[in-house]
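S.K.: With the hints as extra help, turn the sequences into a complete structure.
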Amino acid sequence: TQLLEQSPQFLSIQEGENLTVYCNSSSVFSSLQWYRQEPGEGPVLLVTVVTGGEVKKLKRLTFQFGDARKDSSLHITAAQPGDTGLYLCAGGPYFGNEKLTFGTGTRLTIIP
Amino acid sequence: GAVVSQHPSWVICKSGTSVKIECRSLDFQATTMFWYRQFPKQSLMLMATSNEGSKATYEQGVEKDKFLINHASLTLSTLTVTSAHPEDSSFYICSALLRGGADEQYFGPGTRLTVT
Numbered sequence: 005t006q007l008l009e010q011s012p013q014f015l016s017i018q019e020g021e022n023l024t025v026y027c028n029s030s031s032v033f034s035s036l037q038w039y040r041q042e043p044g045e046g047p048v049l050l051v052t053v054v055t056g057g058e059v060k061k062l063k064r065l066t067f068q069f070g071d072a073r074k075d076s077s078l079h080i081t082a083a084q085p086g087d088t089g090l091y092l093c094a095g096g097p098y099f100g101n102e103k104l105t106f107g108t109g110t111r112l113t114i115i116p
Numbered sequence: 256g257a258v259v260s261q262h263p264s265w266v267i268c269k270s271g272t273s274v275k276i277e278c279r280s281l282d283f284q285a286t287t288m289f290w291y292r293q294f295p296k297q298s299l300m301l302m303a304t305s306n307e308g309s310k311a312t313y314e315q316g317v318e319k320d321k322f323l324i325n326h327a328s329l330t331l332s333t334l335t336v337t338s339a340h341p342e343d344s345s346f347y348i349c350s351a352l353l354r355g356g357a358d359e360q361y362f363g364p365g366t367r368l369t370v371t
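So the sequences go chain by chain: A and B.
The opening residue of the first sequence carries number 5 in our numbering; numbering runs sequentially from there.
The opening residue of the second sequence carries number 256 in our numbering; numbering runs sequentially from there.
Simulated from the structure, these hints should not be mistaken for laboratory data.
Yeah, the Cβ is synthetic: ideal placement off N, Cα and C, and Gly gets one too.
All the given hints hold, so there is nothing to weed out.
Quick look at which bits of chain A chain B covers, simulated, 3 or more residues with Cβ under 8 Å:
id	segment
1	30-44
2	47-54
3	103-111
Here are the simulated lysine-lysine pairs, DSS-like style, with alpha carbons at most 27 Å apart:
id	chain 1	residue 1	chain 2	residue 2
4	A	103	B	296
5	A	61	A	74
6	B	296	A	74
7	B	275	B	321
8	B	319	A	103
Sample of chain A residues lacking proximity to chain B, with all beta carbon distances greater than 12 Å (derived):
id	residue
9	59
10	61
11	66
12	75
13	82
14	85
15	87
16	88
M.R.: Okay, here's the thing in structure tokens:
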């Protein structure tokens, strides 16, 4: 069974600070997606990374896919209250079906 | 692009009744859709994979006779919770698979089901 562990599980920081969320597994994935979910809503896709070592930037968010395609990180610079939410990483399978393996989630709270 | 809708957004029903939830891909065709269940403060739990024109594939522990899935067209999948009980109360979310260089799942806004 493929597992994706996210750390930290909870994070509460002041507005303007930087933070990094990690997504780790012992399994190799064909791609890695990051989602943000707000209470009572569905997850919103932020980015997809597909190449080992790939780095993608989305404004103040930087996503990296590990060289071995087993892990990923999300770095947020100068966090803002609008960044508050549940962040989920999800790994795409290499073979077979299209099911995603979801991470355990990181609940981020940015304090104004 | 890649918008997925769900209807209803919330529903309250009495124990023993059935409830149907619709999931639509609005601007793309999806041969594959997924149904998830999410408990408070937890990650998503995959219930089943819905394939257009064929039977759904259920995850281990999910009762296929209780959670009926129909994927009748390339833009619509439905989940029917039959003979609902209070323990079925949950947040149900669907996603539609957009195929490309990297297949991506786009999620609906979710349906809050409360069984009284």
